[in-house]
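2 protein chains.
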Amino acid sequence: MNRWLIENATMITMDPAKPVLEGWLSVDGSKIAAMGAGSAPEEEKRQAGGTVNGDGLLFMPGLINTHGHAAMSLLRGLADDLKLQEWLENHMWPMEAKFTGDDVYWGTSLAAAEMILSGTTTFVDMYDHMDRVAEVVEQSGMRASLTRGVIGLCPPDVQTAKLNEAISFARDWHGKADGRIQTMMSPHAPYTCPPDYIERIVAAAHELGLPLHTHMSETAAEVAQNLKDYGVRPVEHLDRLGLFSRPSLVAHAVHLNDEEIAILAERGVAVSHNPVSNLKLASGVARVPELLRAGVAVSLGTDSAASNNNLDLFEEIRLAALLHKGVSGDPTAVPAAEALRMGTVYGAKSIGLDGVTGMLKPGMRADLIALDIRKPHFVPATDYMSHLVYSASGADVAHVWVDGKQLLKNRELLTLDAEKIRFEAQRAFGRLKG
Amino acid sequence: MNRWLIENATMITMDPAKPVLEGWLSVDGSKIAAMGAGSAPEEEKRQAGGTVNGDGLLFMPGLINTHGHAAMSLLRGLADDLKLQEWLENHMWPMEAKFTGDDVYWGTSLAAAEMILSGTTTFVDMYDHMDRVAEVVEQSGMRASLTRGVIGLCPPDVQTAKLNEAISFARDWHGKADGRIQTMMSPHAPYTCPPDYIERIVAAAHELGLPLHTHMSETAAEVAQNLKDYGVRPVEHLDRLGLFSRPSLVAHAVHLNDEEIAILAERGVAVSHNPVSNLKLASGVARVPELLRAGVAVSLGTDSAASNNNLDLFEEIRLAALLHKGVSGDPTAVPAAEALRMGTVYGAKSIGLDGVTGMLKPGMRADLIALDIRKPHFVPATDYMSHLVYSASGADVAHVWVDGKQLLKNRELLTLDAEKIRFEAQRAFGRLKG
Numbered sequence: 001m002n003r004w005l006i007e008n009a010t011m012i013t014m015d016p017a018k019p020v021l022e023g024w025l026s027v028d029g030s031k032i033a034a035m036g037a038g039s040a041p042e043e044e045k046r047q048a049g050g051t052v053n054g055d056g057l058l059f060m061p062g063l064i065n066t067h068g069h070a071a072m073s074l075l076r077g078l079a080d081d082l083k084l085q086e087w088l089e090n091h092m093w094p095m096e097a098k099f100t101g102d103d104v105y106w107g108t109s110l111a112a113a114e115m116i117l118s119g120t121t122t123f124v125d126m127y128d129h130m131d132r133v134a135e136v137v138e139q140s141g142m143r144a145s146l147t148r149g150v151i152g153l154c155p156p157d158v159q160t161a162k163l164n165e166a167i168s169f170a171r172d173w174h175g176k177a178d179g180r181i182q183t184m185m186s187p188h189a190p191y192t193c194p195p196d197y198i199e200r201i202v203a204a205a206h207e208l209g210l211p212l213h214t215h216m217s218e219t220a221a222e223v224a225q226n227l228k229d230y231g232v233r234p235v236e237h238l239d240r241l242g243l244f245s246r247p248s249l250v251a252h253a254v255h256l257n258d259e260e261i262a263i264l265a266e267r268g269v270a271v272s273h274n275p276v277s278n279l280k281l282a283s284g285v286a287r288v289p290e291l292l293r294a295g296v297a298v299s300l301g302t303d304s305a306a307s308n309n310n311l312d313l314f315e316e317i318r319l320a321a322l323l324h325k326g327v328s329g330d331p332t333a334v335p336a337a338e339a340l341r342m343g344t345v346y347g348a349k350s351i352g353l354d355g356v357t358g359m360l361k362p363g364m365r366a367d368l369i370a371l372d373i374r375k376p377h378f379v380p381a382t383d384y385m386s387h388l389v390y391s392a393s394g395a396d397v398a399h400v401w402v403d404g405k406q407l408l409k410n411r412e413l414l415t416l417d418a419e420k421i422r423f424e425a426q427r428a429f430g431r432l433k434g
Numbered sequence: 001m002n003r004w005l006i007e008n009a010t011m012i013t014m015d016p017a018k019p020v021l022e023g024w025l026s027v028d029g030s031k032i033a034a035m036g037a038g039s040a041p042e043e044e045k046r047q048a049g050g051t052v053n054g055d056g057l058l059f060m061p062g063l064i065n066t067h068g069h070a071a072m073s074l075l076r077g078l079a080d081d082l083k084l085q086e087w088l089e090n091h092m093w094p095m096e097a098k099f100t101g102d103d104v105y106w107g108t109s110l111a112a113a114e115m116i117l118s119g120t121t122t123f124v125d126m127y128d129h130m131d132r133v134a135e136v137v138e139q140s141g142m143r144a145s146l147t148r149g150v151i152g153l154c155p156p157d158v159q160t161a162k163l164n165e166a167i168s169f170a171r172d173w174h175g176k177a178d179g180r181i182q183t184m185m186s187p188h189a190p191y192t193c194p195p196d197y198i199e200r201i202v203a204a205a206h207e208l209g210l211p212l213h214t215h216m217s218e219t220a221a222e223v224a225q226n227l228k229d230y231g232v233r234p235v236e237h238l239d240r241l242g243l244f245s246r247p248s249l250v251a252h253a254v255h256l257n258d259e260e261i262a263i264l265a266e267r268g269v270a271v272s273h274n275p276v277s278n279l280k281l282a283s284g285v286a287r288v289p290e291l292l293r294a295g296v297a298v299s300l301g302t303d304s305a306a307s308n309n310n311l312d313l314f315e316e317i318r319l320a321a322l323l324h325k326g327v328s329g330d331p332t333a334v335p336a337a338e339a340l341r342m343g344t345v346y347g348a349k350s351i352g353l354d355g356v357t358g359m360l361k362p363g364m365r366a367d368l369i370a371l372d373i374r375k376p377h378f379v380p381a382t383d384y385m386s387h388l389v390y391s392a393s394g395a396d397v398a399h400v401w402v403d404g405k406q407l408l409k410n411r412e413l414l415t416l417d418a419e420k421i422r423f424e425a426q427r428a429f430g431r432l433k434g
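As given, the protein sequences belong to chains A and B, one line each in that order. Per the working numbering, the very first residue in the first sequence carries number 1; after that it's consecutive. Per the working numbering, the very first residue in the second sequence carries number 1; after that it's consecutive.
Simulated from the structure, these hints should not be mistaken for lab results. If you're wondering where the values come from, they're calculated on a predicted model, not measured in any experiment. Among the clues, some could well be false.
A pair counts as met if it fits within one copy or between any two copies, since identical chains are not told apart.
Unchecked claim - Here are the simulated SDA-like cross-link-like pairs (lysine to any residue), alpha carbons at most 25 Å apart as the crow flies:
# : residue 1 : residue 2
1 : Lys18     : Ala220
2 : Lys83     : Asp383
3 : Lys83     : Val285
4 : Lys409    : Gly56
Given the sequences, and given the hints that come with them, work out the whole structure.
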């Protein structure tokens, strides 16, 4: 059915012109064709090859996870409650060093299954063996912004090889999977890439016309080290290296001073806020209310399942709304609607997809999810925007569509084989561990 | 079936002698009869009137929610993101003033449905019209510690009437519902009860041989006011009034100094930590690592759905594990096992039910839950204690038993009529709002 219709729908559109709509929505191919209040016009009904009855469901745009390392789902629960260096050096890195392309494929498949089951339709992924990640995006039907994250703490020939690999991946896969894949260039972090290497990566991004993604100012120690090594804090350092001369997205940005917030706002740098990961690794609490006030597009990321340990973006949305109230002492900080924007429209904006996804609006891609609201925690029907932020979880998601194609139907994955993924992911972990 | 058996079970027992057990568990009437590793002995199989196959399930003790106002679920999503006084005075209190016994009944039924569906088997409730709350406990099959919270900002005759009502309720219902109901006495808070009224409530608790429950030091403003009004901070104030001379449970305890923590530890006062509510109302972050280090029994509460806005205790468990790491800068603060103890054994201890519930152990009540672990976010099977804390949610709970009786089966409520509750709760809200 190329054109189809949703009727009797309650929709949280995220469109400021009409945030809540009780009515109908039609999809034509990969796009939202039309929407309206009340009953669908006869013309819409005639054209529809199929109809979804929206009764008992709440529709909203698919969620956008703007920072993660999907394949690391294979390491979920391997090590927790440890000092960062011990966690990295004794647990994460030794395992990751053994990752093959197949491990990345099954780890990313596991993550994709979990993301679809919890309402995420678009994700950003920075990892290695990215062609295998792209394969999962193609198969799963999800939308993604992918990037080979490069660490430059290695001899020049290895640096060059990694950079070339990142460039090839970014060039070959940009626009693939019917346009659902886009790519970025990524120095892993200012503390893992020498300045001249970052400049080469930035130059490549200019040449390819692609955005940049990096980790930045995740810990206080990292900021102190940057000051010691380069005489400036990370924001100024990256700004000098030209990173912000391309559209860019920085993950974490926990430790920022006022001047750095002003620079990020001025350069139009987007920030991926990862509240669960930042708490779990004891990195601290990002200055989200100040960033939002300065006009920075702050979106949400889960980071990997090794430091979270799930990929339910509803949890990040809720924590973004809760945490900054408690820490600032201001109960009006990050209100529900703003937290939802962080998980949708600001996410789209962060990766150049504003006007494409993150909103229910005619002409935009039909990336939408439907939550089952016949559950006690959605009662009474006071304010569904509040319920989505403060009461819902990914487990409430019943249906998911991307580009108008259904990926989840009554919590059944239509494009991925959940049973096989579970089996292969467990087997891959056993091999890595063994 | 009076005696029945669970086989092929992975169990997180919370018993320090044997935290994880792969094996079998038998229930006889309301109690856990026996447990063991591997296959059940033939004798157990012969005696069993029925068998549950634990394959694909993870068993653990039912969760214990040690602070809440269940009936306020009727006000979920009514008002959020507001200054505390505005929220209370313009939204909560005007609605609550209209609550009838029927409203309390349906609001509490809604809460009970949500709690069972998210794995809570025991809850503490402080509210009004408590006989109607007790009715829900009887019908639902849950275990509860109930108390009529009294506010003393009223003429002496009204104070006396309220106290008598609280005493009658506490005396009449203690030990009812086959022993699943116990009662407490509750001055609402030091700032809503004059000192002499608190003393009268404490005297009544002594006479009845019951524990005490109250709100304490939730906000910085409340502590400042206590100092102004009585010359001491709330802990010393309540200690002087004798509140801690009975077993007592204080909710929130966000703003404590070192001396107050020492007093609470010395008097054996239990603390109900409500992290979501404390963040949402911008009250602050309780000093949980310090309280635990001092030996205080710190359990977890959701508070009401009006300031949360759900009753999923897994979320409080996860936030307890995450929040204190991020705020203290110590990634080893409140490790997974400790967060789980807060939601189970420490909860039981807080309300005098240690040895009764909160642990899977022969001789203890058969209050247990089973989570469906055939979901991507439980893969790989690295460490189920970690997965329960950092990855699970209440929606993973498939089965719930209290006193050996099944309340939830494959997410279907067996003792409550979910459809009717949804309808009546919505209708009650409409009438209150109208």
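Do the hints match the structure? See the list:
1. Lys18 / Ala220: The answer is neither: 42 Å in one copy and 39 Å across copies each exceed 25 Å.
2. Lys83 / Asp383: So Lys83 and Asp383 pass the 25 Å test across copies only (18 Å; inside, 41 Å).
3. Lys83 / Val285: Close inside one copy (17 Å) and across copies (22 Å); limit 25 Å.
4. Lys409 / Gly56: For Lys409 and Gly56, both the intra-copy (15 Å) and inter-copy (22 Å) Cα distances are at most 25 Å.
Violated hint for the displayed structure: number 1, the only one.
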